[in-house]
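K.L.:
Residue numbers (the UniProt record's numbering), protein chains in the order written: chain A, 1 to 698; chain G, 1 to 698.
Warning: the hint list may mix true and false statements.
Stated by the list, open to error - List time: in silico DSS-like cross-link candidates among lysine-lysine, alpha-carbon distance up to 25 Å:
1. A:Lys549 to A:Lys374
2. A:Lys260 to G:Lys291
3. G:Lys267 to A:Lys291
4. A:Lys302 to G:Lys549
Said to hold, decoys possible - Computed footprint of chain G on chain A, listed as stretches where at least three residues anywhere in the stretch have a Cβ under 8 Å from a Cβ of chain G:
5. 220-226
6. 606-616
Stated by the list, open to error - If we take Cβ atoms under 7 Å as the criterion, some of the chain A residues that face chain G in the derived model are:
7. Leu82
8. Ile289
9. Trp345
10. Thr602
11. Pro628
12. Arg650
13. Asn651
Bear in mind the hints are in silico, worked out from the structure with no lab data behind them.
Please read all numbers here as calculations on a predicted model, not as lab measurements.
The beta-carbon is built from N, C-alpha and C at its ideal position, and this holds for glycine as well.
There are 2 protein chains.
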Amino acid sequence: MNSHHGGRESSPPVEPFHTLCVLEFVTDAPQAAIEWMIAKIHAQRTAGGAELQAYSVVNRHNQEVILHIGAGTDRLLEAAELMQIKKEDSAGVLREITIAEISQFKKSGDLANFLTLAEKQQIILHELEKIRASDSDKHVPGYLKKKLYPGQSIVRKLLNDAVIHKLYPLHDRDVLKRLGEEWYNKVSKPQPIDDIRTYFGETIAMYFGFLGFYTMALIPPAILGLMYYFVAWQDINRLALFAVFNVVWATIFLQVWKRKASEFAFKWGTLDRVHFEDCRAAYFGKMGINKVTGRPEPVYPKWKRVLRFYCITIPIILSCLLFAVGVMLVYFWFQIEAEVYHAEWQTLWTKALVLVPSLLYSVAIVVMNSIYRKIAKALNDFENHRLQSAYDNHLIIKLVLFDFVNCFVVLFYIAFYMQDIPRLRSSLALLLIIQQVIGQIQESLLPYLMFRYKSNKMDKAEERRESLVDKDAKVDSDESSHVTDIISKEVRKQAEVEGEMETYEGTMDDYLEMFIQFGYVVLFSSAYPLAAVWAFINNVTEIRTDSFKLCKVFQRPFSQPTASIGAWQIAFQLMGIIAVMTNCALVALSLHNQGLLPKWDTADLVLLFVGGEHLVLALTQVLGAMVPDLPRTVRTEMARIEFQARQAWRNERSQAARTHRVKLRRAVSLLNATPISMPPLADSKVDGTTMQHRTTNV
Amino acid sequence: MNSHHGGRESSPPVEPFHTLCVLEFVTDAPQAAIEWMIAKIHAQRTAGGAELQAYSVVNRHNQEVILHIGAGTDRLLEAAELMQIKKEDSAGVLREITIAEISQFKKSGDLANFLTLAEKQQIILHELEKIRASDSDKHVPGYLKKKLYPGQSIVRKLLNDAVIHKLYPLHDRDVLKRLGEEWYNKVSKPQPIDDIRTYFGETIAMYFGFLGFYTMALIPPAILGLMYYFVAWQDINRLALFAVFNVVWATIFLQVWKRKASEFAFKWGTLDRVHFEDCRAAYFGKMGINKVTGRPEPVYPKWKRVLRFYCITIPIILSCLLFAVGVMLVYFWFQIEAEVYHAEWQTLWTKALVLVPSLLYSVAIVVMNSIYRKIAKALNDFENHRLQSAYDNHLIIKLVLFDFVNCFVVLFYIAFYMQDIPRLRSSLALLLIIQQVIGQIQESLLPYLMFRYKSNKMDKAEERRESLVDKDAKVDSDESSHVTDIISKEVRKQAEVEGEMETYEGTMDDYLEMFIQFGYVVLFSSAYPLAAVWAFINNVTEIRTDSFKLCKVFQRPFSQPTASIGAWQIAFQLMGIIAVMTNCALVALSLHNQGLLPKWDTADLVLLFVGGEHLVLALTQVLGAMVPDLPRTVRTEMARIEFQARQAWRNERSQAARTHRVKLRRAVSLLNATPISMPPLADSKVDGTTMQHRTTNV
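Excised from the complex, chain A in its bound form (with noise of 0.2 Å):
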């Protein structure tokens, strides 16, 4: 039995097959599914196939038929060019790959791994979206109800449906190992960004780089933070300093970061790209025509779906932001009782008591937004959009709405209704503490633990194999020994350990986690200044535990591209203004009630911080206007790169004009309706000389 390597030092010399992706069905599929989709992604793409190298094996665990998925290096490099992939030439300057000038990039000396594998990996998953129903294809064979339309992503269609059930690319163990080493074992290094971009992709690289770059500018306010909380607790003109510090800190945060996001993508080659998108597989309505495409594709009518939000979306997220109201009015009903429970007897039980009712409200806040986070989902689905990014910022929206008011409505509650200042200061504390625990434990604790109960449970499995491995050899040689031979033991075993870890499902959660958290830092700041603290030693943990799951938990993610943070940019900027009203009217508030300003009417004091509270949303907004998004470098390069490709673009057509004149003057003088002739621009250069010298004479 031949290894897979074999085909190599054979001549003439083959190259060898390499497992991109995985495609696992369902183990119910029907035989005749599975064979149409085998011979779509195997079909010549002028049949409507996706010409890829696809072999298939069959799990050993649970039946389930796998497709290896792979395409040989001019494949990819021809769906490279397609796609606008970027690389940089032998000059150092980022340029979409072509083909015919493809010796001038660098590394263009090894053509098999010119590509890094996760770019292959995300072409192999383009052209399987990529592989569309053609006129004769009106169902899924094997399910009569699963109806297609022509042009539709077929790959998408049984993914949605739940046919494919998994499709994923499979780690480059080596490098993975590599880059943990450089990554969650080191803490005092800064993270290897560009690293995790050619293993994960834009997507998640710039969400760690958000991460981190967040996380290294806690620093400043955590350290006046501590220096507040040992020196000036009580000075409230300070901690109003404080607080205009806080919200031009997350200003300015928040500016710099989009330059920096800018940086990365601009070093990325995703600033400028431009990118068409299909109609997500979920999406129905009628069939029409799309008019962009002038393809078939469903239409749903924007009336619906604005009928849609507005009369089911609205209400029940409504509904589901006063229950949230409701619990909290509860929650304190509790606490009040507890408090004077406690005022009573004085016991240390009773003492522990007072902070049972925040525990349970913590814990209420998290199981309440992961029930809601199912229900926005299912209206955000109900909802029909037509684009995925359509529907992610849709789902963004649902989610910090209801995640700002579920967290923060307490602490509104205690700070302007009750105007308790020392009670927001210590359910501040108290919840962020929580949150941030349960956050650890929920995020990354159980996924390891049910990783390790996982793998334990697949090793037995496989040793129990092992033993009946004879037979097993005998049926290999017997039936697909030419599959053993292309595709390694090792390798399927790898497909089939993956294919058991958790999907990693996107940057949203992790998101919203710092955008709550980015709130209890700025929001109250002149009431707790220590949130910066927490915040910061709970992300430098956050960074490691979360790239940690990256690397060991779950399959690896296909690379998508971005040139920035997207609707989170928004969300935290709103934050900001948001964090600049309640700091100003906590600072009048506190003066109000230390009495501290005592010849001063109440409503003078208002005015005053109304008026100051305009200066620094004022103040913010210019900074933010005044900044811009892109650095000058980046600018500057960008504006180079353009002008060359202008300049080129002209001299090109200056040539062909100069070279063609005599053709381009007939061509005028036979296009146009009065037949002229013009005069050869040497002699008018001669007249003009003449001309001159005449009319200097004048």
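Since the structure of chain A is provided, determine the placement of chain G on it from the hints.
P.N.:
Leaving out everything else, chain G in the frame of chain A:
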């Protein structure tokens, strides 16, 4: 003596020369400079020239040398292609002209008129500006002190140094007459914006588009204002509603205008125009290298500009603002004095006297505005901005800031310091109406009279010269019979007449006037709902007088592409935001002063209105953010064009890849470090099919 049409009738037919632009040197321009300039205009482009046609004549009024500049059709088309001028193709889609595919464009049957006159003139300007000093041009000949650096635009330098007196395109009398009939002679019809754009270019068409749109938009608040005037003048609740209506109206109007402007720009092909700006001719600094173009260019350190801005500009502007406030206080002193006097004597004379300070103050405001304009310009020159766009934006900021304070400080003072609503109403009405009357006189009556006076004088001078016609004719036939052959007497006379006309200074002042007017309408709308009525009446006449001036009084301006009203959009939006604050404050104040809510605490009232203000502000901002900047049709159309271009590019690439597959493979294996050959795709397909059957049997 042949007429200038003679050339066409003789054979071989020669394209007749048409004067497109006129370049006037100053009277004392040295001969060397003129000859040098003419030689540059005629010279081949490879030799740093412009390859244009130029004929010089002498102005019979002031003995200035005038160049008539034109170019052949082929030269113009070549330049148009390089300038990426867009035209409709036969499918009705705007596309950049290419000479190779010119037959695919509409109206390509008559190539001599394929480009409009305005486009041709714009091309001439562009080509003239592209004449750059060569390495051997150390200074302007005849001016040892006018230094040049290699690559500097000569025409701009000479214009800036007043060696070239004027450079203007000629009017097209027939087209202009027809345009005028459609435009300023018909009050009832909408303006012919597309014709204006064809004749005057995008920047001017955009201004009139804005003016027309704004005037129409004034109708709803004007009608409502009239209704309030007759019905609900004193009802503060209804006035509060009116104020809210007005600020929401302002937001919607500005947002809808933004969309409208994009629609115009899309139709005109300027929406997605990328433009490289050269540095201003007046920009100075030590010679260095431009990082984008790599060309030599003056470099002025940013810190110097910042220093000048903070140490000179800001103190001077602040002084101006303080002065304006001082004048306002003096006005008040006189006003109160006059009122006291009137209260004492109660005669008709004293009643008239009461009006005098307001009248004087209105005039003072106009005078201060115009003096400040000069100061602002000087400061802006002094700041030495590199790009014209930066220069313009900084000038706009300066003007907007001062004019805002100068015009409105008195109203703020009355409203919020004196808290005298009836006086606010009367002052606002008086200021608005007086300023509009002054504006109309200053802007249209005066220039019109000047124009009449001048053209009378010129007609008389002409008559005098006509009487000496015989002698003239002799000189003509003797010395410059060639010129009279080429440029008809009418054109020469037209050039002289238009040379005497005033230069159109751009749209800055017009926008500024509208900006101030917009402020009068929205800032204190609850105090004086009639403002919109006066503004509407003013603008209906403003459109006609502005257009009349442009057609009759001014030299034809060069066509300038633009995609929006630029910084003015932001200025108007800021005014909208300030209006939210002032209106809320005003309503709160009225409520307070009238004691309508006696049971309310003042602090509560203030809080209520702060809440209201934040709500309205949030509402307007959300409204602005929710409405997309581009209308759906434009977005779809742009996406469609982009998609088709990509599709074409993709097909081309695939075709190339497909036909050159064998070559490609060879290239891939040759370039690859480890030589490999790929399995033919057909094989892998067969392979896959067999595989799949084998798998099903496992």
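K.L.:
For each hint, tell me whether it holds in the structure or not.
P.N.:
Now the hints, each set against the structure:
1. Using a Cα cut-off of 25 Å, the hinted pair lysine 549 (chain A) and lysine 374 (chain A) holds, with the two alpha carbons roughly 23 Å apart.
2. Under the criterion of a C-alpha separation no larger than 25 Å, the hint pairing lysine 260 (chain A) with lysine 291 (chain G) is consistent with the structure, at around 21 Å.
3. Proximity of lysine 267 (chain G) to lysine 291 (chain A) is assessed by CA-CA distance (about 18 Å); at most 25 Å being required, the pair is judged to hold.
4. Of the pairs offered as hints, the one joining lysine 302 (chain A) and lysine 549 (chain G) is violated, with about 47 Å between alpha carbons and a cut-off of 25 Å exceeded.
5. Note: the stretch 220-226 of chain A has 0 residues with beta-carbon separation from chain G under 8 Å; the three-residue rule is not met and the coverage is violated.
6. Under the rule that three or more residues need a Cβ within less than 8 Å of chain G, the assignment of the stretch 606-616 of chain A holds, with 4 such residues.
7. Satisfaction of the interface hint for leucine 82 (chain A) is found here, the shortest Cβ-Cβ separation to chain G being roughly 6 Å, below the 7 Å cut-off.
8. For isoleucine 289 (chain A), the interface hint is violated, since its Cβ never comes within 7 Å of a Cβ in chain G; the closest pair sits about 12 Å apart.
9. For tryptophan 345 (chain A), the shortest C-beta to C-beta distance to chain G is roughly 40 Å, which exceeds 7 Å, and the interface hint is violated.
10. This hint holds: threonine 602 (chain A) has a C-beta 4 Å from the nearest C-beta of chain G, less than the 7 Å allowed.
11. Given the 7 Å rule on beta carbons, the hint for proline 628 (chain A) is violated: about 12 Å separates it from the nearest Cβ of chain G.
12. Below 7 Å, beta-carbon pairs count as interface contacts, and arginine 650 (chain A) has one with chain G at about 6 Å; its hint therefore holds.
13. Restraint check, asparagine 651 (chain A) versus chain G: the minimum CB separation of about 10 Å is more than 7 Å; hint violated.
Hints 4, 5, 8, 9, 11 and 13 from the earlier list are contradicted by this structure; the remaining hints agree with it.
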